[in-house]
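Asker: For the protein sequence lines, the chains are A and B, in the order given.
Numbering of the first sequence is given in my numbering, commencing with residue 1 and proceeding in unit increments.
Numbering of the second sequence is given in my numbering, commencing with residue 422 and proceeding in unit increments.
If you are wondering where the hints come from, they were derived from the structure by calculation, not from laboratory data.
Be aware that a few hints might be false.
Claimed, not checked - In silico BS3-like pairs for lysine-lysine, Cα to Cα no more than 30 angstroms straight-line:
| id | chain 1 | residue 1 | chain 2 | residue 2 |
| --- | --- | --- | --- | --- |
| 1 | B | K607 | A | K33 |
| 2 | B | K472 | A | K364 |
| 3 | A | K371 | B | K658 |
| 4 | B | K449 | B | K572 |
| 5 | A | K382 | B | K477 |
| 6 | A | K364 | B | K572 |
| 7 | B | K449 | B | K477 |
| 8 | B | K472 | B | K488 |
| 9 | A | K344 | B | K540 |
| 10 | B | K449 | B | K472 |
| 11 | A | K371 | B | K488 |
| 12 | B | K540 | B | K658 |
| 13 | A | K344 | B | K607 |
| 14 | B | K658 | B | K607 |
| 15 | A | K33 | B | K658 |
| 16 | B | K540 | A | K371 |
| 17 | B | K477 | B | K488 |
| 18 | A | K364 | B | K488 |
| 19 | B | K540 | A | K364 |
| 20 | B | K572 | A | K344 |
| 21 | B | K477 | A | K344 |
Unchecked claim - Chain A is nowhere near these chain B residues, computed Cβ spacing over 10 angstroms in every case:
| id | residue |
| --- | --- |
| 22 | D432 |
| 23 | G437 |
| 24 | A454 |
| 25 | I463 |
| 26 | L502 |
| 27 | L530 |
| 28 | G554 |
| 29 | A585 |
| 30 | Q606 |
| 31 | W634 |
| 32 | T640 |
| 33 | I643 |
| 34 | R652 |
The beta carbon of each residue, even a glycine, is placed where N, CA and C say it ideally should be.
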Amino acid sequence: MELMDKLTILADAAKYDAACTSSGLSRGGRPGKLGSTMASGCCHSFSADGRCISLLKVLLTNVCAYDCQYCVNRRSNDVPRASFTPRELCELTIGFYRRNYIEGLFLSSAVLRDADYTTERMIETLTLLRREYGFGGYIHAKAIPGADPLLTHRLGLLSDRLSVNIELPSEQSLALLAPDKAKTAILSPMAQIRDSIAHSRQELTQYRGAPRFAPAGQSTQMIIGATPESDRHILSLTQGLYDRYQLKRVFYSAYMPVSNSRLLPAPQSFRPPLLREHRLYQADWLLRFYHFRVEELLDESHPDLDPRVDPKCTWALRHMDFFPVEVRTADYEALLRVPGVGVKSARRILTARRAGPLSFEGLKRLGVVLKRAQYFLTCGGKMLDGLRVRPDRILGHLAAQERPMLLQTMPEQLSLFDPVT
Amino acid sequence: MSWTQVSYTYDGSFSGFLTCVYESYRHKEAPAAFSTPEDPRISLYPERPVKSDPAKARQVYLSLARKISPSARELVTLGFLTCAEERELLLWNYIWYGYARGRAAGYDLSDPRVAALEKAVRHLRNEVHLFKGFLRFSDLDGVLAGEIEPKNRVLPLLRPHFCARYPDEDFLIYDRTHREALFHQKGSWAILPLEQFTLGEAKEEERGYRALWRRFYTTISIEGRENPRCRMSHMPKRYWNIMTEFQEDAPVPAGRPVSPPPLSLPT
Chain A
1 MELMDKLTIL ADAAKYDAAC TSSGLSRGGR PGKLGSTMAS GCCHSFSADG RCISLLKVLL
61 TNVCAYDCQY CVNRRSNDVP RASFTPRELC ELTIGFYRRN YIEGLFLSSA VLRDADYTTE
121 RMIETLTLLR REYGFGGYIH AKAIPGADPL LTHRLGLLSD RLSVNIELPS EQSLALLAPD
181 KAKTAILSPM AQIRDSIAHS RQELTQYRGA PRFAPAGQST QMIIGATPES DRHILSLTQG
241 LYDRYQLKRV FYSAYMPVSN SRLLPAPQSF RPPLLREHRL YQADWLLRFY HFRVEELLDE
301 SHPDLDPRVD PKCTWALRHM DFFPVEVRTA DYEALLRVPG VGVKSARRIL TARRAGPLSF
361 EGLKRLGVVL KRAQYFLTCG GKMLDGLRVR PDRILGHLAA QERPMLLQTM PEQLSLFDPV
421 T
Chain B
422 MSWTQVSYTY DGSFSGFLTC VYESYRHKEA PAAFSTPEDP RISLYPERPV KSDPAKARQV
482 YLSLARKISP SARELVTLGF LTCAEERELL LWNYIWYGYA RGRAAGYDLS DPRVAALEKA
542 VRHLRNEVHL FKGFLRFSDL DGVLAGEIEP KNRVLPLLRP HFCARYPDED FLIYDRTHRE
602 ALFHQKGSWA ILPLEQFTLG EAKEEERGYR ALWRRFYTTI SIEGRENPRC RMSHMPKRYW
662 NIMTEFQEDA PVPAGRPVSP PPLSLPT
């Protein structure tokens with residue numbers, strides 16, 4: 001089979017994986033090697049669906065022993081199958097990397113024979129790439145659930161980031177749709193990776209030459225909309241993963257109808273929940289950078305995120321007693337709670353305040369966008385001049401601002417400038 | 422400001438600009454305009470030609486860190502690379518304000534003079550970041566060559582990134598807008614003016630990789646999520662002209678196999 005055909009089949013099979021970031025690690029180049037990585041990550045292109053292309057995202061093989069209903073590569077699906085040889089994939093990666101097409105390799109694989117054999121093949125490929133080709137760029141590898149812990153460990157020593165896909169947000173859904181995978185089989189490598197990362201960090205403080213295990217951390221992804229879980233359930237799970245497994249990122253992937261299985265939404269009338277995915281990412285951002293907890297965003301009477309406005313606005317409208325926030329005196333935490341004020345804006349406000357009292361005019365010059373923030377801020381005790389809105393009308397105004405954006409299908413896999421955590 | 426206004430003519434270099442700052446303080450004159458050989462201006466104000474003087478420039482350069490702050494000096498240095506309209510006046514106003522306010526000028530982000538320079542530098546930094554990703558190289562007989570068409574002068578800031586990324590490669594990046602090029606050969610580099618540059622004809626292997634990349638680019642997109650506006654906001658169209666995925670190679674002359682050419686792989 002020609003390399004072109006293999007690339008087509010194996011990129012096509014990998015495209016439903018949402019993660020494509022190259023962030024979280026800064027490593028300079030070294031003479032005799034090829035490549036470096038940067039902490040902010042780097043997008044090399046954006047595909048027609050608006051998602052960032054940072055890594056060469058392919059499967060090593062799409063020949064799969066499993067039969068997960070939601071997956072294009074399931075055993076029972078009639079699609080062309082192919083496999084890269086380790087050398088082919090190395091040549092391709094180096095060829096693309098030298099031309100600055102990509103930031104590195106995202107290596108995933110279907111389960112060929114069994115988890116151990118698949119992981120061994122991945123290790124073989126990455127060893128060749130790192131050792132013989134001297135590749136110093138970014139490598140994101142998928143750990144295969146069920147593989148021997150020693151093999152997963154070797155995989156982590158060759159990669160910058162590891163991920164284990166949690167696939168579906170609950171155990172029942174997993175049992176129903178992915179009969180070959182068990183929740184424990186997914187969570188145990190996650191825990192192993194977490195411990196290896198912590199151990200490697202610890203060793204590095206003692207001697208510089210210690211081997212680095214997945215220095216850019218681990219991530220996971222789950223499919224949204226194929227199964228009936230609520231946003232509250234999904235975000236609680238996410239929060240648990242951040243707290244207990246120290247994940248860098250959780251990715252959400254709106255389910256694309258790739259199957260006729262009776263267990264899944266029928267492909268004919270199904271529209272992928274792109275807006276819901278977008279709102280989940282926004283809430284995810286609140287958890288990671290804005291010190292929010294899921295319990296604040298959603299509760300039993302509100303199990304799902306409001307599609308009309310972003311989750312921070314929803315929170316603000318339910319807590320009007322917290323507002324208005326006084327720009328001249330509020331602390332960082334309070335500023336972060338204001339809709340429309342992000343991490344950067346809040347930091348800039350703190351900096352600018354050291355030089356003198358701020359005005360709304362000054363805020364605009366700082367680069368703070370007042371479109372949403374104006375309803376929740378005062379400067380020297382006064383609201384923005386000319387702003388007359390009754391508190392019960394704010395939701396309408398905020399929703400109206402978003403509407404033109406919502407008419408088109410939603411963007412987002414906010415990966416550009418994915419900040420270091 | 423009660424200083425008399427004059428129009429400065431200098432050689433367009435950073436050190437020339439710093440000499441202008443020196444002269445303006447010595448003669449107590451405020452600049453009304455700056456004229457360079459690249460960008461000549463006709464002004465009604467009296468003209469003062471300034472000859473670039475490294476000693477004076479150095480004195481101003483050191484004073485920026487001492488009298489304002491080291492980060493203010495970095496801001497001025499970067500500000501000189503931006504494409505902001507009247508960037509010399511912008512810089513001069515910032516320096517004037519900085520000398521008067523000292524360290525506080527560094528964090529007075531809501532002052533119009535500081536905000537204007539900050540904004541210009543943000544634009545520069547943002548463009549640099551985008552070009553780190555969007556720049557494309559072609560392998561021409563072992564030398565990597567790429568072209569860019571930036572608004573700001575990004576080469577000095579791209580240099581550390583690409584030199585670290587390809588320590589053992591020989592490469593060249595040509596800036597069409599400012600007609601200069603970054604050369605990297607055997608671990609040493611130089612940024613030199615270059616009037617004209619055209620990429621040579623691509624060989625078969627190069628065409629092969631381009632075709633593979635284009636195929637990967639179209640394959641990786643999910644049809645059900647197509648969103649051209651989202652793509653355009655992340656990757657504005659003005660960058661597309663340098664990107665392999667939006668270009669097509671001229672057809673291979675008759676008698677030779679049409680793409681995709683097989684890549685030679687050692688076994």
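Asker: Which of the listed hints are broken here?
Answerer: Structure breaks hints 2, 4, 5, 11, 13, 14, 15, 21, 27, 28, 29, 31, 32, 33, 34.
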